[in-house]
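Novice: Spelled out, the chains give:
There are 2 protein chains.
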Amino acid sequence: MLDNPLLHLMNPKSIAIVGAGNNPAKMGTLHGLSIVKEGYQGKFYPIHPRDEMVLGHRAYPTVADLPEVPDLAMLIVPAEQALKLLAEFGQLGTKYAIVVTAGFRETGEEGRLKEERLKEIAAAYGIRFLGPNCIGIINSEILLNVTIMPGSGKQGKLGMVSQSGTYVTQTLPYLKQKGIHFSKAISVGNEADINLVDALEYLGQDEQTKAIALYLEGVKDGRRFIEVAQKITPRKPVILQYVGGSAAGARAGMSHTGSMAGPDFLYEGILKQAGIIQVHTVEELYSYGWTLAAQPPLRGKRMAVVTNSGGPGTAIANACEQGKLDVPTFSPQLQQQIRGHILPHASSANPVDLTYHLDAKMLTAVIPEIIMQSGEADGVIVHGGMSHGFMKVIYPHVRELLGDVTLEQFLGQLDTDFGKTVSLPWEYQIPLVASSFFGREDDYTAVYLDHGIPVFDSPEKAARAMAMLLRYKEIRERKQINRGELPAVSLQAQEIIAAATARQQKTLTEYESKQILAAYGIPVTGDRLAMSEEAAVAAALAAGFPVVLKGCAADVAHKTEKGLVHLGLTSAEEVRRAYRAVSQEAGGEIPVLVAEMLPKGRELLVGMTRYPAFGPCVMLGLGGVFAEAWRDITFRSAPLSDAEAEEMLQDIRAKAMIGEFRGMPAVDRAALVKILVTLGQLALLHPEIAEIDINPVMINGSLPVAVDALVVLA
Amino acid sequence: MLDNPLLHLMNPKSIAIVGAGNNPAKMGTLHGLSIVKEGYQGKFYPIHPRDEMVLGHRAYPTVADLPEVPDLAMLIVPAEQALKLLAEFGQLGTKYAIVVTAGFRETGEEGRLKEERLKEIAAAYGIRFLGPNCIGIINSEILLNVTIMPGSGKQGKLGMVSQSGTYVTQTLPYLKQKGIHFSKAISVGNEADINLVDALEYLGQDEQTKAIALYLEGVKDGRRFIEVAQKITPRKPVILQYVGGSAAGARAGMSHTGSMAGPDFLYEGILKQAGIIQVHTVEELYSYGWTLAAQPPLRGKRMAVVTNSGGPGTAIANACEQGKLDVPTFSPQLQQQIRGHILPHASSANPVDLTYHLDAKMLTAVIPEIIMQSGEADGVIVHGGMSHGFMKVIYPHVRELLGDVTLEQFLGQLDTDFGKTVSLPWEYQIPLVASSFFGREDDYTAVYLDHGIPVFDSPEKAARAMAMLLRYKEIRERKQINRGELPAVSLQAQEIIAAATARQQKTLTEYESKQILAAYGIPVTGDRLAMSEEAAVAAALAAGFPVVLKGCAADVAHKTEKGLVHLGLTSAEEVRRAYRAVSQEAGGEIPVLVAEMLPKGRELLVGMTRYPAFGPCVMLGLGGVFAEAWRDITFRSAPLSDAEAEEMLQDIRAKAMIGEFRGMPAVDRAALVKILVTLGQLALLHPEIAEIDINPVMINGSLPVAVDALVVLA
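Chains as they are written, first to last, in the numbering used here: chain A, 1 to 714; chain B, 1 to 714.
Honestly, I wouldn't trust all of these hints.
When chains are identical, the list treats them as one kind, so a pair holds in a single copy or across two.
[To be verified] Under the rule of at most 30 Å between Cα atoms (straight-line distance), these lysine-lysine pairs were calculated in the BS3-like manner:
| no. | residue 1 | residue 2 |
| --- | --- | --- |
| 1 | Lys473 | Lys655 |
| 2 | Lys13 | Lys559 |
| 3 | Lys324 | Lys655 |
| 4 | Lys26 | Lys176 |
| 5 | Lys600 | Lys655 |
| 6 | Lys392 | Lys43 |
| 7 | Lys324 | Lys157 |
| 8 | Lys210 | Lys157 |
| 9 | Lys157 | Lys420 |
| 10 | Lys37 | Lys392 |
| 11 | Lys176 | Lys361 |
| 12 | Lys26 | Lys392 |
| 13 | Lys600 | Lys559 |
| 14 | Lys231 | Lys119 |
The set of hints was computed from the structure by calculation and includes no laboratory data.
Just so it is clear, the structure is predicted and the values come from calculations on it, not from any experiment.
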């Protein structure tokens with residue numbers, strides 16, 4: 001963190017801008033207006049070829065004319081000009097820049113070359129810059145907004161990093177409406193220099209930022225992304241939307257910022273590893289991000305639901321349970337306290353349903369406080385708080401019954417002391433979220449939103465927001481991640497790989513593959529390699545019946561379908577028959593592996609694949625011949641700590657079978673964890689290995705053993 | 001449909017109301033106001049003990065004083081009074097009623113008894129009624145709204161049936177804001193008489209209703225629900241939110257309307273069977289329901305995405321693919337046409353990204369029309385259409401640059417001819433949905449919403465709305481559902497069950513269970529029952545080695561764990577050893593089954609369970625000893641047509657293995673379908689059977705065979 005460039009770039013004492021003028025239809029002018037109109041106290045230097053004054057500030061014809069060296073240069077000009085200007089700022093001594101200009105890498109080869117020149121110029125002058133093809137930054141702490149839309153003017157708590165400029169500027173009016181305010185927001189654009197991970201790291205250290213939201217189309221340095229996130233997430237929530245997982249998403253992202261995408265299943269595992277909460281719409285990104293930033297942390301999973309109507313209460317309770325939250329029935333004592341305030345046919349059990357009820361304070365303050373005081377709930381969800389919104393809707397119907405009462409007088413009768421309603425979560429340190437079918441036209445919605453209590457327009461979303469707080473509680477309580485040193489390289493493994501490479505083998509044989517695994521301590525079956533029928537029989541006698549006999553040659557995958565695997569051989573005669581069958585299938589004698597036959601049981605799949613941006617990734621899944629059909633797999637980037645490998649065991653849908661299961665003992669988790677960790681280390685030590693597939697890992701008693709393995713070379 | 005009571009109840013020529021007065025704080029008054037204020041042309045008869053005039057209409061002190069027999073009676077009075085009044089209306093001759101009153105079955109035993117009395121009174125006078133504990137109805141066709149909130153005044157297209165009153169009244173202002181308008185809406189309350197299925201059936205026939213939305217906490221007559229829905233869904237979309245699937249959801253629902261819930265996995269299958277689209281928030285229910293009601297049907301899956309910013313475009317493309325929609329790259333010809341209108345660095349490939357662009361007509365009309373004309377897209381999603389909203393936000397920043405231009409003049413410069421923008425989907429019969437971060441404050445959002453083009457506040461939601469149109473396309477194109485007659489009852493099966501019942505067996509033995517399956521033509525292994533060691537050996541010789549030997553006694557489940565199953569026996573000696581081992585495990589000689597050993601292969605699980613409200617339900621899932629861990633199962637209610645059973649094969653996650661798979665032939669789908677259909681028939685013919693578990697059904701070559709089976713008696 002010592003010299004994160006954003007520490008400086010986000011806090012300039014002076015800003016020079018090129019591209020802003022006095023024509024409001026120009027984008028650069030809108031950038032400039034945001035800077036001069038929202039309270040920023042630093043110096044503002046427009047550069048303009050003709051105008052003497054720009055946006056009420058003295059303008060300078062060229063960079064060389066500036067009266068001082070500006071801390072930050074902003075460029076909103078065509079690409080060729082941007083290159084030239086960046087050099088001029090470099091000559092002057094400016095060290096930070098935001099290049100808004102588009103038309104670089106995202107447009108193809110010509111643009112990519114321009115981007116390279118931009119980087120070279122920056123490097124030559126020691127300039128650190130955001131962009132190109134970005135919209136800029138917001139630092140609400142110093143009232144600085146350099147984007148094109150007016151900001152909210154409030155000092156917020158949610159930090160935002162986005163690979164789309166839209167999500168730090170076009171959405172500002174929307175966010176203001178929803179009471180969501182940025183602490184800092186950073187549009188990273190093409191990430192030619194300062195990248196998304198730098199921005200994440202910066203916000204991780206930023207005091208004002210209480211939670212971080214990321215909009216992601218693809219990450220470049222995946223490993224650093226994981227490690228930076230892992231440092232942040234134990235003390236600050238990070239929430240993320242990833243949209244690069246589909247072909248169309250990846251294509252659109254590529255043309256947009258040219259970032260590197262990967263399949264959804266990979267990112268799902270990587271984000272879990274990083275301790276990041278994943279969401280799937282931008283609405284969720286903002287609203288749950290804001291909930292995480294603005295509400296107290298959740299300390300348990302017991303939810304209280306308070307409503308004025310049955311449907312939303314039922315929907316909230318249902319969505320709570322789907323989000324792993326409990327909605328426990330309240331104790332008789334608590335129910336009795338509540339019953340003192342509600343109608344006879346109303347429900348006090350939880351959900352508390354006041355039914356049709358005009359006293360919003362009862363719903364939003366009295367009952368919630370009784371519940372918070374009771375200690376029976378870790379979080380409270382309120383649906384239906386309303387007054388002005390309802391009254392305004394009803395007024396045209398009831399006005400004739402009211403005599404001369406105007407709408408203002410009608411609304412004026414209402415109690416507008418919202419003190420308790422909005423202070424409860426902080427007083428009791430218990431999170432509170434709300435839902436309502438009224439927007440800001442209702443004063444309850446407005447006062448909630450303006451005091452950091454999220455209000456959702458669908459009751460289920462309120463429950464899901466609480467579930468996000470629970471997800472973060474789990475992340476906060478994760479086991480510590482301690483990665484050991486890599487072991488020494490195995491000379492034996494090196495030799496096997498070198499020999500196979502010399503023979504131009506693309507894949508290692510099963511025997512070679514298992515020798516490499518064994519060299520790093522991964523348990524494998526006690527295979528014997530036999531080069532003749534007699535040797536096969538001898539091997540079988542040594543192993544003890546029943547045995548397995550498998551053809552073993554390089555470039556033989558899918559042995560089972562090819563008739564090269566013979567299971568459960570119980571006599572020398574059967575071994576001979578199997579040997580001959582293999583020879584026949586293979587069109588001649590090939591070496592065979594003979595091994596003890598493990599009892600039928602649970603089968604897992606363990607593997608390693610290299611992914612761009614993430615390097616070697618370790619996979620765990622259900623194994624056996626049906627593995628392809630299950631597709632029940634999970635990935636993590638190597639190197640892995642024991643704690644991270646242990647989490648993979650929780651990821652697969654059929655995880656029940658890893659525990660004690662139908663008379664079989666629980667799988668030795670430590671042994672399985674060790675296999676996963678070791679596989680990652682092995683991949684890091686041997687970059688010549690492209691892929692490893694261990695299928696199946698069979699569970700022998702409780703111990704996992706590699707029964708078949710395939711190493712593919714790079 | 002001949003005499004659906006709602007045909008009359010929804011179209012009254014006169015309404016009497018008890019509980020409405022001139023006090024606007026009373027709920028009954030609000031009901032009355034909605035009737036008299038919104039254009040309903042029928043007669044309105046308030047009954048009031050004291051006031052001569054109520055809501056500007058002559059009031060009558062008692063029911064007997066009414067000047068005519070009203071078509072519909074509305075009761076908003078305490079429960080005891082409601083009983084008395086219903087009888088009085090019955091005496092007068094009124095045939096339809098809405099009982100808003102709460103405090104019946106939903107409150108417990110006492111309330112349940114009151115509800116029984118209510119039903120008795122109604123039956124005695126031939127009254128059909130909605131409720132109790134409901135909020136009433138809306139029939140926009142005759143401008144009738146009897147709920148407590150003002151309606152939108154528009155004749156809508158979305159029919160709504162709700163087990164929560166909230167969703168047909170509290171949400172009316174929210175829906176109006178979103179441009180969503182009901183054709184008819186029905187709050188069914190406790191469904192003491194007219195129920196949810198009646199309402200569904202009514203809306204299925206209603207011309208004005210183009211799509212139906214259901215809010216469901218639990219269904220009572222599940223079978224009728226399915227059959228009614230199956231008649232509707234080939235020609236009209238039905239969309240549903242179910243919230244009864246969790247313990248808390250079920251409890252809340254119970255206290256709310258006392259409806260009958262069931263687990264989520266059951267409802268998921270049932271809704272697929274019914275042809276109903278399931279959603280999980282009320283926002284989805286309304287907004288996707290409205291999309292289905294208001295937009296033309298989707299004819300293919302090719303989506304065009306048109307935006308003014310990269311992030312939303314990428315997010316939409318990604319969400320499209322997740323929803324099984326394609327976002328194909330446009331042809332060079334089409335791209336060239338588009339490029340004529342966009343900036344050089346903008347993208348024409350699809351998503352079309354205009355980038356920052358002030359010409360909203362280009363975005364919302366010109367480019368979409370070029371695409372619609374091209375024939376290269378079946379649906380169009382537009383993000384970012386805006387003008388006034390953006391200008392209003394920008395105005396405070398730019399005003400000083402504009403001279404004396406007022407906000408009104410500033411906005412007045414804009415082109416507000418939206419003709420093409422809003423007519424495209426109907427002109428080309430291609431659905432169009434939009435997203436924007438502006439609400440109604442922007443005229444594009446407003447004009448879209450007011451012309452039946454849904455606008456979502458998160459781009460992904462727009463893509464998901466299109467995915468809903470695709471779901472409905474699939475439903476519309478489902479195979480026809482033809483259920484055959486039930487076969488004749490098997491006397492042999494009857495005898496086996498009777499004998500077991502006489503012996504007070506709770507479960508049938510494997511042998512008996514398979515005999516019953518075989519009696520209905522379900523293929524089972526060729527088992528031989530042997531009562532001695534010698535008989536077992538003889539059976540093995542007859543079957544041919546290798547054989548399986550299993551202990552076979554009533555009330556023996558989980559045979560594998562108990563050591564009662566011996567596989568792969570290849571000699572008489574092995575059979576003897578296995579027989580003795582079984583005797584030892586069982587603590588004495590028990591009958592054994594001896595059967596041919598099927599080769600190891602794919603294993604399925606087929607079963608039957610009876611669920612309240614749905615009767616016998618047939619299950620298909622992955623089988624074998626790990627079935628519990630997979631939990632990859634799907635359910636349908638019996639009787640099943642072949643088409644419905646065939647759909648089950650598509651439901652399981654590991655469906656790939658039902659096809660040709662790793663050298664194994666495709667499973668004989670017709671044979672598997674026959675097993676599922678037959679199992680349902682068998683359950684309907686034998687109500688004495690509580691449950692059937694066939695685990696595994698093994699695939700022998702391509703043919704499914706029941707290898708183990710357990711029949712549990714009721």
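Novice: Run every hint past the structure and note whether it holds.
Specialist: To see whether the hints hold, each was checked on the structure:
no.: 1; hint: Lys473 with Lys655; result: within (22 Å within a copy, 36 Å between copies)
no.: 2; hint: Lys13 with Lys559; result: neither (68 Å within a copy, 79 Å between copies)
no.: 3; hint: Lys324 with Lys655; result: both (17 Å within a copy, 28 Å between copies)
no.: 4; hint: Lys26 with Lys176; result: within (24 Å within a copy, 37 Å between copies)
no.: 5; hint: Lys600 with Lys655; result: both (18 Å within a copy, 24 Å between copies)
no.: 6; hint: Lys392 with Lys43; result: between (47 Å within a copy, 28 Å between copies)
no.: 7; hint: Lys324 with Lys157; result: within (27 Å within a copy, 37 Å between copies)
no.: 8; hint: Lys210 with Lys157; result: within (5 Å within a copy, 45 Å between copies)
no.: 9; hint: Lys157 with Lys420; result: within (22 Å within a copy, 43 Å between copies)
no.: 10; hint: Lys37 with Lys392; result: between (35 Å within a copy, 16 Å between copies)
no.: 11; hint: Lys176 with Lys361; result: both (26 Å within a copy, 27 Å between copies)
no.: 12; hint: Lys26 with Lys392; result: between (41 Å within a copy, 17 Å between copies)
no.: 13; hint: Lys600 with Lys559; result: both (18 Å within a copy, 16 Å between copies)
no.: 14; hint: Lys231 with Lys119; result: within (29 Å within a copy, 65 Å between copies)
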